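Undergrad: If you read the protein sequences in the order shown, they are chains A and B. So for the first sequence, the numbering used here puts the first residue at 994; every next one is plus one. So for the second sequence, the numbering used here puts the first residue at 63; every next one is plus one.
Worth flagging that the hints you see were computed from the coordinates, not collected in a lab. Quantities reported herein were computed from a predicted structural model and do not represent experimental measurements. Check each hint, because a few of them may be wrong.
Okay, derived cross-link-like pairs now, SDA-like style, lysine to any residue, Cα gap no bigger than 20 Å in a straight line [unchecked claim]: (1) A:Lys1085 to B:Arg331; (2) B:Lys506 to A:Lys1211; (3) A:Lys1048 to B:Gln501; (4) B:Lys506 to A:Tyr1004; (5) B:Lys506 to A:Arg1154; (6) B:Lys287 to B:Arg327; (7) B:Lys287 to B:Arg331; (8) A:Lys1048 to B:Thr508; (9) B:Lys506 to A:Asp1047; (10) B:Lys506 to A:Val1213; (11) A:Lys1085 to B:Arg327.
Spelled out, the chains give:
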Amino acid sequence: MISFRDVHYAYRPGEPVLRGVNLEITAGLTLLLGPNGCGKSTFLKLAAGVERPDKGITRIEGHDLWREEIAARRNLAYVPEQPDLTPYATIKDIVRLVCRLRGEPFQRGLEALESAGLSSLSNRSIRELSMGQRRRAVLAAAWVGAPRVVLLDEPLEAMDRTMREQMLAWIQQLLSNGASIVIATHEIEPFISKATRAATVRDGLCKTCDPLPDSDSKRVELFEALSRGRNE
Amino acid sequence: MQQGCKRHSHGDQKTTEILFFLQHHEKNAFLFRAIRVIRGRFYSASLCLCGKGWLVKAILLFHLRVGVRLALQSFTSLFSAIVALIILQMYPAAMVAMIARGIFGSPPSANMLVLVAALAFALPAWAARRMAHGLNGWIRHLPVSSSANRRGLALALIVVQSPLAIALGLLAFVAHVQGIAVLRPILLRLALLLIGAALATMPVRNRAASGALSVTGALLALSGKPWMMLPALVLILAADACSGPIREIRAREPWRAAGSFIPFRIAWRALSWRIFTPYLIALLPLGVTALFIDNNELTGELLAGTVRFGGSMAIVLFLSTLSEKLSVRRPVWPWARSLPWPSLRRVLEDAFFLAVHTVPLVALISLIHARSAIAVLLLLPLLASRATAHMRRIPGRRTGNVAFVLEGFFASAMIALLPWTLLLALAAAPVALLSARNQDSRQKVTRWLEMHHDAGGDSLSWSA
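Isolated chain B (complex conformation) (with noise of 0.2 Å):
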């Protein structure tokens, strides 16, 4: 490479004493002009062929390596996950022959095939932010396409997926021994996943129909038609033709631990004894729930149904007089805000901190039927998301905590009755912790609101 590049500067040198001469000498102008135009091309061509080359080489092998260090991480949580969950089975060897064969076998598993799609697609989005610091910044300025840019990243999360296509390795091997045939189709379209899976986690500009296209061939060729091949291949083709160049991705501050569970123990401090007064209130709905079914000896559904009802309603109570005691106990701490503490954390913090405390009220809903306890459970991200907002709003209302206890009774009420409405509530927990992010941040923590506010023991208070 570097004798290329001396012999290209060499030749650069004799051109231009040509071109000098030539242009000092009128007669040869249309020559003059001539050999420059070639020349430009020559330049062209030399660095495509000599340098562009090594560049991209170079490119690639850089994505190659931090895709492998991602990949290094990324295996030892994820193959000790793997071990753990084999090793604590009765029969290891039994398992990893099951899973095999879920993969392997013919027809294979769906269940196995969903698990290995989600991995494929779990490993490239995971690492993809990751990489974001290295995209935007300095690399950008070095002399390369930015489809090789692109193309180098697709090979550092393609790369990163190694955990899992070893695994495949192993688990085909597996297959092997135990006399299934594992026929290249099948690795083919295993590969042909990997790569759509990475294609369809890039950061681009076009992420829209790159995602589309390529997530769509992934689908395609896992679906085991050997002709669907073609058509998977020719859309991951087209999603990395249309895919454009990286986008520029503002990677994300990382938040830092408060540490030693700060605010909770501010929490735990302010309301005291007073932690206890939730469960005794919550307690009410469970004793009649466990009376109602005592006394109408309900068995089925309709069991089912009723604790449903009761064991969310008792939740719905605790997080009501909990969230209601910490906003007065504890009120918004206004210079907490000029703390690089993002309000999504602050929320996040509150709603974990109402959710830890029900546990020993789900452990009595399971008690009485175990089932519906694990369908409170489900709901309760949307309660404590939604106990976390009204928590902004109880100093400025009269009424208090009212609207979210109407809110939580209806949600209880369609859980009972439509227990498939639980698989909204999932979904909309996490709109809901944005919306109470989006509370947290509009709410006036400076604004004076004597009458809600419990001074508590302090001495500068106005309300001591």
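Chain A with its partners taken away, still in its complex shape (with noise of 0.2 Å):
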């Protein structure tokens, strides 16, 4: 379960982007819909712990993600819009360290690796990657060991078609477990019937439309409506 407590948070001062958000996300995937810039990525940021709250609280499965820094972050997985990874490790470095702060054994990263198909680009540093070949690298970070608490942003963008897959079929399972997944896209398709909740961020506000409406045709409306910044 995701928790965000009165969470402010500004780039700049004076420049508000979350202003006392009040949200708890359970499990179940959970769309982040609106128009570019109102804050879903910086939401993400937030739940991921990569910005900390100017105030609040956020919490991860009841951790304090700024208390309890490991617990927090034990069964997180974040993918970002942008992988910034350093570009000086190696892809094989980056598995490397994640697999021993999640205590997971090197064997299954390099199985990751295998199913992102980067295999023989493990050596690679990450400057000689694409775009692309990066975002598979965090994504292939992500599916070592059985992450609770999933934060993608943008999951399907840069991705090729049999990514596109294999990243829905991870989602799937991941909802089978009964993890808890916070989407933030503009690409609503793929997710129309998986769709649990939806949410935007307004004003520096954040909204929650749950439960959705059952007709497909209804939630796209509804997902629509929220991807432009409509009122409801």
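Two chains, two frames, some hints: make the complex.
TA: What follows is the structure, given as structure tokens:
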């Protein structure tokens, strides 16, 4: 479960992105929708522990992300939109690091690399990779272990057809295992029937739609409206 | 025990039958109430005599076993270190005899007693957190009072000190062989020290009061005056009485090794040959210092002070340049912050990376003046921690690392003029490290700071 309590965040003073967000996201697939720049990615960065709130508390499975840093991140997987990996590490370095930190054998990491089609590139440094390959590397890192909280920022962007299928299959598997997944995306079609709830960030506040309408057509209408930032 | 329980349940059945009979006869209502009260008391008493006593014993045995296991763990490293230290001496037997005389002689050596006291406090302090796992969960549901549980833990912590107790016993024997009368008060004093130290490290609700009382008691016992024994004992008993139940401790999640120096390898790869530039810059103040000493024929404290200043300024300039290069060449890695890789560890790794690379410079300083090199080494933890904190502010600053250089200049001047401030610098190092951790976690890592970012050949960077 992801929990935000009175979370405030601004990149620069006087320009708040989030203003007192209170939210709890339980198991299931939550679609985070909204126009560009509304704060979706910032929301995910705060939930992933990449950025620390200026005020308020973010918790993952009951653990404060900034007081119990290890426990909160133990079962967390985050796939950012920009795969901001350090350019001087090799793919193998990254996967080895993730395996060590998550307490998984390195063999699991190698298997994840194999699934992501990166085995032959594992000794290349990140700066030698294309954007799509970098995203695969981050995805392979997310596949290590059995995460219970998964945060995906535009997961289908820059992915070829095979990877898209693999990604959707992974999401389905996570859902059947009872994980909490938050996906920030503009591409709503693959997730229409899978979504449990929808959320949006508007004027620094987070609003959720739960439960969602049963019919797919009504869901599409709702998602379209949220994506365009229209009032319902 | 089982027989006792069977008897107990048989008696219980009989009493229930009688109560049922009495309850349904109005005339016997008074008798019914009386028997119910008596039965309640009987239950408490029987539980106390039969069940509770057995459970208390079980819980004590449980803690005893835990203590023995931890004692065995500490035994290996502690005794190996002590034996290695003794064997490395030119006359090991004389060394052992000297230690025995120091502890059991009359009067005892203050240094030896401080060493024994330090070990007596360190061993249970080391074990207390390890035992925290077993204290918070399942064990709490057992029908044992919190005081019994606490005393069980105290017993375990005392047992953890058994390697030290054994060592003291052996030393007492050596002292006896040497003809020193090992008096009972000395043994009692050491026993009180061990108990007091164990109680002082207990994670209890009223830890401040209990800790203060038990530490005072232990130190009174150690002071050696026979009339101090009684107040020491009273204080230790008071510490036990006022300590309250065991405090719930959230066990720290263990850090996992990142493995194969991955963060170091990444940093080296990012810096490449640039790692040598800071050395060239650091050689300037060192060269100036050497020339100044040669031309002015300095001696004594003036020489030491000059080398302390010049040496620490060399370290400051080195750390400043290296940390600035690191922050530009190896910018923060936002995604890694979502991994179970705490900010304190990231900061420690950076501080260690910076500090390790100063070793050649410290060696050079020691060639000029060995004693001053030690002073510079003592200042290093503070400087490395501060450099790590400043490193995290460089991307947002137009002045680079100037603030750190000014801080370093002040610290160097202080240790050159007032050498005792080194103690302050050492004490401030952990605070500086925590401040660096705070700096790390408060960084806005995904804010765009193009001006200070160096692409470093990254094909997808906008700076390329």
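Undergrad: If a hint holds in the structure, say so; if it doesn't, say that too.
TA: Verification of the supplied hints:
no.	hint	in the structure
1	A:Lys1085 to B:Arg331	holds (15 Å)
2	B:Lys506 to A:Lys1211	violated (39 Å)
3	A:Lys1048 to B:Gln501	holds (15 Å)
4	B:Lys506 to A:Tyr1004	holds (7 Å)
5	B:Lys506 to A:Arg1154	violated (35 Å)
6	B:Lys287 to B:Arg327	violated (58 Å)
7	B:Lys287 to B:Arg331	violated (62 Å)
8	A:Lys1048 to B:Thr508	holds (18 Å)
9	B:Lys506 to A:Asp1047	holds (10 Å)
10	B:Lys506 to A:Val1213	violated (35 Å)
11	A:Lys1085 to B:Arg327	holds (13 Å)
Checked against the numbered hints given earlier, the structure breaks hints 2, 5, 6, 7 and 10 and satisfies all the rest.
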